[in-house]
Amino acid sequence: MRSIPVADQRSGSGMGDAAMARARSTEDVVVGDEIVRERLSARVVHWIVALTFFVCLFTGLPIWTPYLGFLAHLFGGLHVCRILHPWAGVAFAVASVFMFVQWVSQMKLTKADREFITPKGMLRYFQYRNEDADVGKYNGGQKLLFWAAALGTVGLLITGLVIWFPLEFPQWVREASYLLHDAAFSLFFAMIIGHIYLGTAAEPGTFRSMIRGTVTKSWARLHHPRWYREVTGEKAGG
Amino acid sequence: MKRRMFLKGAAAAGAAVGIGFDMSRARAEMRQFKIARTTETRSICPYCAVACGVIIHTLGDKAKNVRPTVVHVEGDPDAPTNRGTLCPKGATLKYDIDNPNRILTPKVRRPGSDHWEEISWDEAVQGIARHIKSTRDRTFVAKNAKGQTVNRTPGLAVVGGCTDTNEFNFLQWKFISALGVAYRDSQARV
Amino acid sequence: MTADGLEIRQSSASVWGSATELRNLKVVSKLIDTTTCIGCKACEVACQEWNDLHIVPTTQTGTYQTMPSLDANYWNLIKFREVEESGFFAWLLRKDGCMHCADPGCLKACPAPGAIVQYQNGIVDVNPEACIGCKMCETGCPFDIPRYSAKTDKMAKCTLCVDRVQVGLEPACVKACPTGCLEFGDKAELVAVAKARVEQLKQNGFTQAALYDPPGVGGTTVITVLAHGDHPEWYGLPKDPQVPVAVSLWKNVARPLAALAIAGSFFAMVAHYLSFGPKTPKEGAEKPKGDKPA
Amino acid sequence: MTNGWVDIKNADVILVMGGNPAENHPCGFKWTVEAKRTRNAKLVVVDPRFTRTASVADVYAPIRPGTDIAFLNGLIRYALQTGRYHEEYVRIHTSGPYIVGDKYAFEDGLFSGFDPAQAEYDKSAWAYRADPKTKAYQVDPTMKHPRCTLQLLKKHVERYTPEMVERICGTPKDQFLKVAEVVTSTGNAQRVGTITYALGWTQHSVGVQMIRAAATLQLLLGNVGRPGGGVNAMRGHSNIQGSTDLAGVFDNLTGYLATPRGELTDLKTYLKAETPTTLNGAPWPTMNYWSNYPKFMVSLLKELYGDAATKENDWGYQWLAKVDGNYSWLYIYDDMYRGSSQRAGGTEPGPEGLLTFGFNPVGVGPNTSKIINALSKLKFLVVGDNYQIETATFWKAPKEYGGPDSSQIKTEVFQLPCSGFAETDGSFTNSARWLQWKWKALDPPGQAKTDQEVLARIFLAVRDLYRKEGGALPEQVLNVSWNYTDPVNPDLGEVLKEINGKAVTDLKDKDGKVIKRAGQQLDGFSQLQDDGSTSCGCWIHSGVYTEAGNNAARRGTQDPTGLGMHPDWAFSWPANRRILYNRASADAQGRPWDPTRPGIAWNGKLWVGDVPDILPNSPPGQYGAFIMNPEGVGRLFTPSLNDGPFAEHYEATEAAIENPLHPKVTSSPVTVRFHSNKDVYGTRDQFPVVCTTYRLTEMYHYWTHHTNELNQLQPGFFIEIPEELAREKGITNGSRARVTSARGSIEGVAMVTRRLRQLTIDGKRVWHIGFPLHWGYEGDPKHVGPLANFLTPSAMDPNTWTPEFKTFLVRLEKAS
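Protein chains in written order, with numbering that gives the first Met the number 0: chain A, 0 to 237; chain B, 0 to 189; chain C, 0 to 293; chain D, 0 to 815.
Pulled out of the complex, with its shape left as it was, chain A reads as follows (with noise of 0.2 Å):
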């Protein structure tokens, strides 16, 4: 177990807060009351990720359908939208590997994971009935997630791809990529909506973690109860 008291922290560096200073070069070490839970860098490609997405998301809808056609003017017309989503999705794409890369070795599914992400499993979740000590750092949902996200993207780029060049491809591999594209985007979405929701309003004190790049003790002993006690050495149950 390591942990570093606040005040020396302040006095030695002087560099602001003193959790946040941590988390801008290691992860999983416990600074006062807090956790770091992502560093600097993971958090930045956490972000670059979710930028991207939403401006593929939002140059994207009003293409996909007229009704979200207002979002067209965030970006300066429609066929602003149009140059632009095929080059937010290959940035997209871009950071994605980046991320992928970072967070891959901590993505593989456990036993227990797979348990969670049964709809048994999921449904437990939802319900807040897991009580489930087991869970580490990344539930199985969230490493579902990051498998999903990493499996979406790729379709989304090839597709994204036949689609931004469909002159060069033949008619099928056109239509069907327009087919695949709208599938990957719809369920993608539905997944970030959900994504989202957990980050914030479903479980408070999990956005700070992607901010700030900690997280309370709480908050992670509440969560992810056997990370917490990697990170802090304590006895699960204590």
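Think of the hints as simulated: they come from the structure by calculation, not from any bench.
Treat the hints with care, as some may be off.
If you want a taste of the chain B side facing chain C, the calculated C-beta under 10 Å gives, among others [what the hints assert, rightly or not]:
#1 Q31
#2 F32
#3 E73
#4 R82
#5 C86
#6 T91
#7 G111
Straight line, CA to CA, 30 Å or less: simulated DSBU-like cross-link-like pairs of lysine-lysine [to be verified]:
#8 D:K467 x D:K409
#9 D:K409 x D:K395
#10 D:K409 x D:K378
#11 B:K145 x D:K310
#12 D:K728 x D:K763
#13 D:K102 x D:K122
#14 D:K378 x B:K145
#15 D:K172 x D:K154
#16 B:K106 x D:K781
#17 D:K813 x D:K728
#18 B:K63 x B:K33
#19 D:K409 x B:K145
#20 D:K395 x B:K106
#21 D:K378 x B:K142
#22 C:K278 x A:K216
#23 D:K267 x D:K507
#24 D:K122 x B:K142
#25 D:K507 x D:K496
#26 D:K154 x D:K102
#27 D:K409 x B:K106
#28 C:K201 x D:K172
#29 C:K278 x A:K119
#30 D:K398 x D:K439
#31 D:K294 x D:K467
#32 D:K267 x D:K134
#33 C:K278 x A:K107
#34 D:K467 x B:K142
#35 A:K234 x A:K107
#36 B:K142 x D:K310
#37 D:K496 x D:K512
#38 A:K136 x C:K278
#39 C:K201 x C:K238
#40 C:K278 x A:K234
Since the structure is predicted, the reported quantities are computational estimates derived from the model, not experimental observations.
All C-beta atoms in this analysis are idealised placements derived from N, C-alpha and C, irrespective of residue type, glycine included.
Let chain A serve as the given structure and place chains B, C and D on it in line with the hints.
Then chains B, C and D, alone, in the frame of chain A:
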């Protein structure tokens, strides 16, 4: 983020709709009917011998300060032979009239030279007239070898295309007759 | 805003209220009688001249055909095909260009509101201002007609000279056509003319002569008389053109489903929040101080 | 054209040979399509290539280039053998019953009267037989007499069996018979057919005889003079008809009056020689309209020389240049190249200065290399044009054309910017003989001037020099009338008035009543006089600009007969007549052969319908239908041509085979070959492939390669090659091929096609290829191409001296 804030965000998105960004209007901004106010001149296609009637549309109303520019050429629907139709050559007459390859100034290529020189119309006309006169005077045959009066100028030849007007042809024949030209032929032969 | 005198039947990617079929206007038509097409290309350049399109650079590659296929600056192209089958030889010439389908695949596929418009008289027009250069119309068209221009980042195709038609003139190609292979008029009347022409062809030995007005796209405003009606592919025409399945699937099935999925996800979360609220630690002492750092 | 473009819609059969109207006259071709649609007319195309016209034909038959006479004679034979010809028409409207004199014979490819030394025929050997008693034409109305022209024709074409046609033309027998059946279906009163042709007939060493054979066929079928019938030259240029009408060629003055020859030393001699006379006692006495020749000629001289023309000075006849021999196209450049010519037994200089307006000799003439070398010998050259044409820059022509280096060329070249069609008013005469006025739309660009102003300025400058300095026969220069309100830029309306003619002094009818005051415009050529009281620039055009105004500018669209005559649209020479020889559209009693398609009909007092091609009040039977022929009838037998009274198949000057009919006389015995070192002719062992040239619908001659919109449609030169030949030579579509004749060699993109086929000729395999002629070394560098005529020979028709562009021999290779 509080529950309150989350809802606020959703409301903001809704408000954007309310502001009335209406992208759904079916806009078909019509191209202007480009010959609505042009000047029409009836003409005849200069290419083949079907001689289709054409209407040349020029910019401006022929007022003094206007230099007419051709904007469109279309078949004359009244012309009995073509009844408004045209072939691809006729349909591109606009680009023959307004053609960047048109020559614009008189030029001369001096003997032995490898390039053109621009000259004035007066120089050109005087130069040509002098050539014509000296050639005619030098080669004029008043009587042939049999002693018959023939009054011809074998040193001069005049050939002409067949896309100039009847009136020009007639003037050209007068010109030919005035010079006693025997060597004369036209596109009609070849 | 519609073109003067033209009412809109449908408009691409539009929500409610784009159709303005207040008045009862007749459907116009262009009849192409391939048996009298001489491949002179007057239609090609009459179109280009009227619409003030740019020259398309070409080279001689061993054919009379002007270029391999249509171009954003070339909306009319006569296809030249030599066909030989068991001693029978024909040089089949057909003007390729927008068919102005009653059920236009391009319009269906187009995501830009009002970029492709079908007027009540049957003309399928393009509004370049609204076009976003996405090329989806090229996938939507079963006849391979719309062409994208990288220079303008817009799609372009035949408009049936709607600017002429709306002031009471025939399209430039039809007017120019020297043999009358192209005719313009009321569709019902031209269909009758075409059928009579087909009958005449049959009597003259072309027993398979037919009128090409494919039902798969709801019929076309541009109808075609073929001497070899059993072989539209000899003329470069699809045998049974349809609006691509993907376009209909996408518009009619995939998009509603997707909308449902997204909306479902959103409302599920809202419902969840309302029923379960946030998940917070049970111990009050360990309640986080807030999202923002102190 | 005997008829007009719109009139083709009245035909039941349209035979297209020696032309490709869908390609070259698309807007006129619409009336063929109209006939197909409304009358279910049959379009028959006989052409070496499966052309654009063939693509919409009902019947297509391939033919070897240059063998059309064999084909046509085969059709004539078929009609005569099967009786599918219009016998009554032949009896009353043709020379069928006329008996030919005993001297006429045809043996071993030669007609009687041949002089091998001069390579010329003595045409007196072909004279009609005069009745010993009446001295008139001797006729046999039964047409059974062995020496009547119908029987002689029958005998002459006897050899042209379908098998022989196949042997010569390569047209499979069944295809020939199909054509024969369709074409001869018009050999009766109920049906009518037309023949349309163009330069595919005229540009052969036997071109005139091809047309003669077609005319003979049409006369047999009773198709001449009738709506929907005729022999129709489609012609290639907007005013090619007007140019020939208005003295464009050396052998004509205006209105087809003959250019005087040296031996015709005064007007009287000239008129006597040129005014045709007739024997009396034809079945119907003839109008012999050419007997008015003196009126046309004197009125022309009066117009040309104005007040200077008096009765005493033969109306100025002596100032007209007289010709001795031939000054036509090939001779111009031959004499220019050689620097001299033999005339009337003496030597004279060749041309040293050349003026050309709206014309591109380097492109249009055969044997390009000879033309460029000939031009190099000029002292000066004047080129007036809209564009920089190849002729203007011949001194920097690509080296492969064999011209001297620029520094060695002493020619002073003037390039004058002239006007386009839209930049001047004036009239064009189309091939239907309609003079159509056009109006000026805008000014010429830059410093360009109208052609008439350029010409007038040069003329006035020369005239001033002669006024000031004198010189050789100044009267010739000074006496030509040039009385225009603005002599520097003559008003073309004034010129058209001159062409129409006016009364010089008061004109009275036979009762002494003044019908025209001095200075008034004439109503037509019937008012012309030979006493100097009228002037007229071109008698056939008289009526175009009357006191009623400019009739060429008329734009009435009415078509009262529904036959497409449009009498109020513009002006059709002669006398606004829309169908020539229209008297032949009616039978002996003046009833139209086909009442649904009347040309003219006799109503008991007058001929009504089209403007009658006969005295309007002369009852049927008074005059023959062919008023310009002394015999008053259409000629099945033509004693006036230079190469025989009947058409006979001869091979081209460069012959692909020995003539199967008479191997000793393979090519026409009266064709001329030239002998300069630039005139080489190929033989079939060196150059085994038959080649022809043609135009494309997207291009206009050597003009439109300056228009990039059209270059887009036909971006460059190509060579059409039959698939089998290409395979043999290893040439693929779109690759490059080289064609070489005895004169030159050119390279281009190969267009490998099934529209050209191998033909079996006289048992041997013969290939033919072809290429279009539109390119040159001027214009957009991306669209330059070889001059097609680099390959064509200095060979020509003995009647018209039109070069033989359409058949020559070449060698084909894959280009490296």
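Hints versus structure:
Nearest Cβ of chain C to the Cβ of Q31 of chain B: about 7 Å, under the 10 Å cut. The hint holds. Restraint check, F32 of chain B versus chain C: the minimum CB separation of about 5 Å is within 10 Å; hint holds. Checking E73 of chain B against chain C by beta carbon gives a least distance of about 7 Å; that is within 10 Å, so the hint holds. A distance limit of 10 Å between C-beta atoms decides the matter here; for R82 of chain B the minimum to chain C is near 9 Å, and the interface restraint holds.
For the restraint placing C86 of chain B at the interface with chain C, the shortest Cβ-Cβ distance is roughly 5 Å, inside the 10 Å limit, so the hint holds. For T91 of chain B, the suggested interface contact is upheld, since its CB lies about 5 Å from the closest CB of chain C, less than 10 Å. For the restraint placing G111 of chain B at the interface with chain C, the shortest Cβ-Cβ distance is roughly 37 Å, beyond the 10 Å limit, so the hint is violated. A C-alpha spacing of about 29 Å is found between K467 of chain D and K409 of chain D, which places the hinted pair at or below 30 Å, so the restraint holds.
Annotation: proposed proximity of K409 of chain D to K395 of chain D holds, straight-line Cα distance about 13 Å (limit 30 Å). For the given pair, K409 of chain D sits about 6 Å from K378 of chain D by alpha-carbon distance, which is consistent with the 30 Å threshold. At most 30 Å may separate the alpha-carbon atoms for a hinted pair to count; K145 of chain B and K310 of chain D meet this at roughly 26 Å. Distance check on the hinted pair: K728 of chain D and K763 of chain D sit about 18 Å apart at the alpha-carbon level, within 30 Å; holds.
Between K102 of chain D and K122 of chain D, the direct Cα distance comes to roughly 10 Å. Compliance with the 30 Å bound is thereby established for this hinted pair. Restraint check for K378 of chain D and K145 of chain B: satisfied, since their Cα atoms lie roughly 29 Å apart, inside the 30 Å limit. In summary, the hint linking K172 of chain D to K154 of chain D is supported, as the alpha carbons are separated by about 21 Å, within the 30 Å threshold. Of the pairs offered as hints, the one joining K106 of chain B and K781 of chain D holds, with about 25 Å between alpha carbons and a cut-off of 30 Å not exceeded.
About 6 Å separates the Cα atoms of K813 of chain D and K728 of chain D, which keeps this hinted pair within 30 Å; it holds. For the given pair, K63 of chain B sits about 22 Å from K33 of chain B by alpha-carbon distance, which is consistent with the 30 Å threshold. For a cut-off of 30 Å, the pair hint linking K409 of chain D to K145 of chain B is broken: about 34 Å separates their Cα positions. For the hint linking K395 of chain D to K106 of chain B, the alpha-carbon distance of about 15 Å falls within 30 Å, and the restraint holds.
Distance restraint check for K378 of chain D and K142 of chain B: the Cα-Cα separation of roughly 24 Å lies within the 30 Å cut-off, and the hinted pair is therefore satisfied. Only pairs whose Cα atoms come within 30 Å are accepted, and K278 of chain C paired with K216 of chain A is accepted, the gap being roughly 15 Å. With a C-alpha separation of about 25 Å, the suggested pairing of K267 of chain D with K507 of chain D holds against the 30 Å cut-off. Between K122 of chain D and K142 of chain B the alpha-carbon distance is near 29 Å, which keeps this suggested pair within the 30 Å criterion.
Under the criterion of a C-alpha separation no larger than 30 Å, the hint pairing K507 of chain D with K496 of chain D is consistent with the structure, at around 21 Å. For a cut-off of 30 Å, the pair hint linking K154 of chain D to K102 of chain D stands: about 16 Å separates their Cα positions. Of the supplied pair hints, the one linking K409 of chain D and K106 of chain B holds, its CA atoms being roughly 16 Å apart against a limit of 30 Å. Of the pairs offered as hints, the one joining K201 of chain C and K172 of chain D holds, with about 27 Å between alpha carbons and a cut-off of 30 Å not exceeded.
Under the criterion of a C-alpha separation no larger than 30 Å, the hint pairing K278 of chain C with K119 of chain A is consistent with the structure, at around 19 Å. Among the hinted pairs, K398 of chain D with K439 of chain D is inconsistent with the structure: their alpha-carbon atoms are about 41 Å apart, more than 30 Å. Between K294 of chain D and K467 of chain D the CA atoms are separated by roughly 35 Å; this puts the pair beyond 30 Å, and the hint is violated. Only pairs whose Cα atoms come within 30 Å are accepted, and K267 of chain D paired with K134 of chain D is accepted, the gap being roughly 25 Å.
Restraint check: the Cα-Cα separation between K278 of chain C and K107 of chain A comes to about 25 Å, which is no more than 30 Å; the hinted pair holds. For the hint linking K467 of chain D to K142 of chain B, the alpha-carbon distance of about 25 Å falls within 30 Å, and the restraint holds. Distance hint between K234 of chain A and K107 of chain A is fulfilled; the C-alpha atoms sit about 24 Å from each other, no more than 30 Å. For a cut-off of 30 Å, the pair hint linking K142 of chain B to K310 of chain D stands: about 23 Å separates their Cα positions.
Taking the CA atoms of K496 of chain D and K512 of chain D, the gap is about 24 Å. The hint holds against a cut of 30 Å. Note on K136 of chain A and K278 of chain C: the hinted pairing holds, with a Cα-Cα distance of about 17 Å set against a maximum of 30 Å. As the CA atoms of K201 of chain C and K238 of chain C are separated by approximately 20 Å, the hinted pair is consistent with the 30 Å bound. Distance check on the hinted pair: K278 of chain C and K234 of chain A sit about 23 Å apart at the alpha-carbon level, within 30 Å; holds.
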